[in-house]
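If you're matching them up, the sequences are chains C and Z in order.
When you read off a place in the first sequence, starting at 1, and then add 269, the result is the number in the numbering used here.
When you read off a place in the second sequence, starting at 1, and then add 28, the result is the number in the numbering used here.
Note that these hints are calculated values from the structure, not bench results.
Each residue gets a CB set at the ideal place from its N, CA and C atoms; glycine is no exception.
A hint or two may mislead.
[What the hints assert, rightly or not] According to the in silico footprint, chain Z covers these stretches of chain C (three or more CB under 8 Å from chain Z):
no. : region
1   : 376-388
2   : 399-406
3   : 451-458
4   : 504-514
[Claimed, not checked] With a straight-line Cα cutoff of 30 Å, these simulated DSSO-like cross-link-like pairs (lysine-lysine) come out:
no. : chain 1 : residue 1 : chain 2 : residue 2
5   : C       : Lys508    : C       : Lys546
6   : C       : Lys519    : Z       : Lys100
7   : Z       : Lys53     : Z       : Lys100
8   : Z       : Lys131    : C       : Lys351
9   : C       : Lys351    : Z       : Lys81
10  : C       : Lys383    : C       : Lys546
11  : C       : Lys546    : C       : Lys357
12  : Z       : Lys131    : C       : Lys478
13  : C       : Lys508    : C       : Lys377
14  : C       : Lys377    : C       : Lys429
15  : C       : Lys508    : Z       : Lys136
16  : Z       : Lys100    : C       : Lys506
17  : C       : Lys506    : Z       : Lys131
18  : Z       : Lys136    : C       : Lys546
19  : Z       : Lys53     : C       : Lys508
20  : C       : Lys506    : C       : Lys287
21  : C       : Lys383    : C       : Lys357
22  : C       : Lys506    : C       : Lys517
23  : C       : Lys519    : Z       : Lys81
24  : C       : Lys517    : Z       : Lys131
25  : C       : Lys517    : Z       : Lys100
26  : C       : Lys517    : C       : Lys377
27  : Z       : Lys100    : C       : Lys429
28  : Z       : Lys81     : C       : Lys478
29  : C       : Lys478    : C       : Lys287
[Unchecked claim] Some chain C residues near chain Z, calculated using beta-carbon distances under 10 Å:
no. : residue
30  : Gly314
31  : Arg316
32  : Ile317
33  : Ser319
34  : Glu336
35  : Leu339
36  : Gly340
37  : Leu434
38  : Glu435
39  : Asp495
Below are the chains, spelled out letter by letter.
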Amino acid sequence: MCQTCGCEEKGSMVTIGKPLHFQPQKQEKKPEKSPKSESSSPLAGIRIDSPAVSKDSVGTREIEVVENLLGDNDAAAAENRKFLNEQKIFSLNLMGSPGCGKTTFIIKTIESLKEEMEVFVIEGDQFGSLDADRISATGAKVIQINTGNGCHLDARSVGKAIKELEIPMNSLLFIENVGNLVCPALFDLGEHLRLVMLSVTEGDDKPVKYAPMFHGAAMCVINKTDLLDYVNFDIEKAKENLRRINSKQKIITLSASGGGGMQEWLAALRTEIQVSKP
Amino acid sequence: MHELGIAMRIAEIATRVARQEGVTKVDAVLVEVGELSGIVPEALLFSFESATKNSFLENSRLEINLISASAKCSSCQTVFRPEGFFTLCPVCEGVDSEIISGKELFIKSLVSENGK
């Protein structure tokens with residue numbers, strides 16, 4: 270069971286694969302919890318904008334706790350960020366729907382940056398290593414995290430994968446999150462840049478429908494623009510929707526599979542690396 | 029989808045604090061949840077019951093204070109209540125605003141009605 274979001278069923282486990290082109294590593298198994306049965310009496314309540322006050326009865330004791338409920342993930346993310354900064358490794362958390370083109374985008378970026386810097390990749394998928402195998406074919410070192418029934422990557426498993434990859438200083442690290450526009454939005458991985466990808470085949474309304482994801486990303490890449498003539502996607506409408514949700518977001522349009530726009534992305538990436546100076 | 033894990037985290041923290049403080053019975057666990065936090069309150073209540081079954085907190089109730097979202101317009105500084113993440117400033121129709129509340133997600137306190 271995932272300790273942070275509980276999204277896995279009992280008995281499943283997160284596995285971190287072997288770094289491809291690297292020495293074999295052991296599997297990681299998360300602790301399991303015993304199953305709980307169905308609930309009964311609804312004793313609890315929901316109030317709106319009315320912080321609870323202790324009951325007036327004599328002897329009531331209220332113990333202040335004030336602890337963030339995503340605190341364990343946030344702490345692990347902070348550790349990752351500290352490590353990456355110390356190692357001067359720039360990291361990106363790439364999120365987006367399944368099939369929006371994340372892996373192709375990473376491959377094209379690796380190919381373009383070959384002479385410039387070393388690129389490492391953490392691949393998050395529920396099952397299998399198809400994406401890691403594709404990345405590996407470029408010569409880049411990649412590690413696969415299989416989340417099992419989990420719907421997102423969390424900072425702790427990413428931290429382990431970072432250590433396994435043994436990334437040299439001044440490298441670039443891509444973290445390809447599980448294809449999902451909902452859950453990954455909540456989980457800081459310790460990245461420097463949060464990037465969301467939207468492909469034109471998905472529809473220009475996605476930013477509105479999955480607002481938290483688009484609100485939290487500093488950059489949005491609109492991919493597959495070579496298909497614009499064939500799909501009902503209004504690119505100006507999409508940009509307007511993005512601006513309304515996050516007016517500070519940088520928007521880049523491109524076609525990773527060869528339709529142009531990659532140079533603008535690479536320039537933006539170089540700027541981000543420069544500005545963050547990890 | 030996330031609520032069960034969050035409920036388990038609440039139970040874990042509440043149990044730890046109760047033990048530290050020598051509390052033998054926790055009547056209520058109070059949590060603050062912003063309406064933009066990505067948590068469905070009803071699902072959290074349900075999950076808390078499941079997560080605490082046959083445990084120290086079995087008879088404890090979860091009390092959720094749902095905090096409304098508020099945003100401040102970066103152009104005219106008006107504070108308004110946004111509908112989700114997608115709202116124009118009602119005064120100047122500016123798109124640039126900052127969310128100032130509604131993303132909270134924390135455990136506030138434990139209540140023991142007999143003081144033990």
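Hints and how they fare:
1. 376-388: violated (count 0)
2. 399-406: violated (count 0)
3. 451-458: holds (count 4)
4. 504-514: n = 4 at 8 Å, threshold three: holds.
5. C:Lys508 with C:Lys546: With Cα atoms ~29 Å apart, C:Lys508 and C:Lys546 stay inside 30 Å; holds.
6. C:Lys519 with Z:Lys100: holds (21 Å)
7. Z:Lys53 with Z:Lys100: violated (42 Å)
8. Z:Lys131 with C:Lys351: holds (25 Å)
9. C:Lys351 with Z:Lys81: violated (38 Å)
10. C:Lys383 with C:Lys546: Holds, at roughly 20 Å.
11. C:Lys546 with C:Lys357: holds (7 Å)
12. Z:Lys131 with C:Lys478: holds (18 Å)
13. C:Lys508 with C:Lys377: Status holds; Cα separation ~24 Å.
14. C:Lys377 with C:Lys429: holds (26 Å)
15. C:Lys508 with Z:Lys136: violated (39 Å)
16. Z:Lys100 with C:Lys506: Holds, because 24 Å separates the two Cα atoms, which is no more than 30 Å.
17. C:Lys506 with Z:Lys131: With Cα atoms ~27 Å apart, C:Lys506 and Z:Lys131 stay inside 30 Å; holds.
18. Z:Lys136 with C:Lys546: violated (37 Å)
19. Z:Lys53 with C:Lys508: violated (54 Å)
20. C:Lys506 with C:Lys287: violated (43 Å)
21. C:Lys383 with C:Lys357: holds (18 Å)
22. C:Lys506 with C:Lys517: Judged against 30 Å, a Cα distance of about 17 Å means the pair holds.
23. C:Lys519 with Z:Lys81: violated (47 Å)
24. C:Lys517 with Z:Lys131: holds (19 Å)
25. C:Lys517 with Z:Lys100: holds (15 Å)
26. C:Lys517 with C:Lys377: holds (26 Å)
27. Z:Lys100 with C:Lys429: violated (39 Å)
28. Z:Lys81 with C:Lys478: violated (35 Å)
29. C:Lys478 with C:Lys287: violated (36 Å)
30. Gly314: At 6 Å from the nearest chain Z Cβ, C:Gly314 passes the 10 Å test, so the hint holds.
31. Arg316: holds (5 Å)
32. Ile317: holds (5 Å)
33. Ser319: Status holds, d = 6 Å.
34. Glu336: holds (5 Å)
35. Leu339: holds (6 Å)
36. Gly340: Hint on C:Gly340: holds, closest Cβ of chain Z at ~8 Å, below 10 Å.
37. Leu434: violated (27 Å)
38. Glu435: violated (30 Å)
39. Asp495: violated (29 Å)
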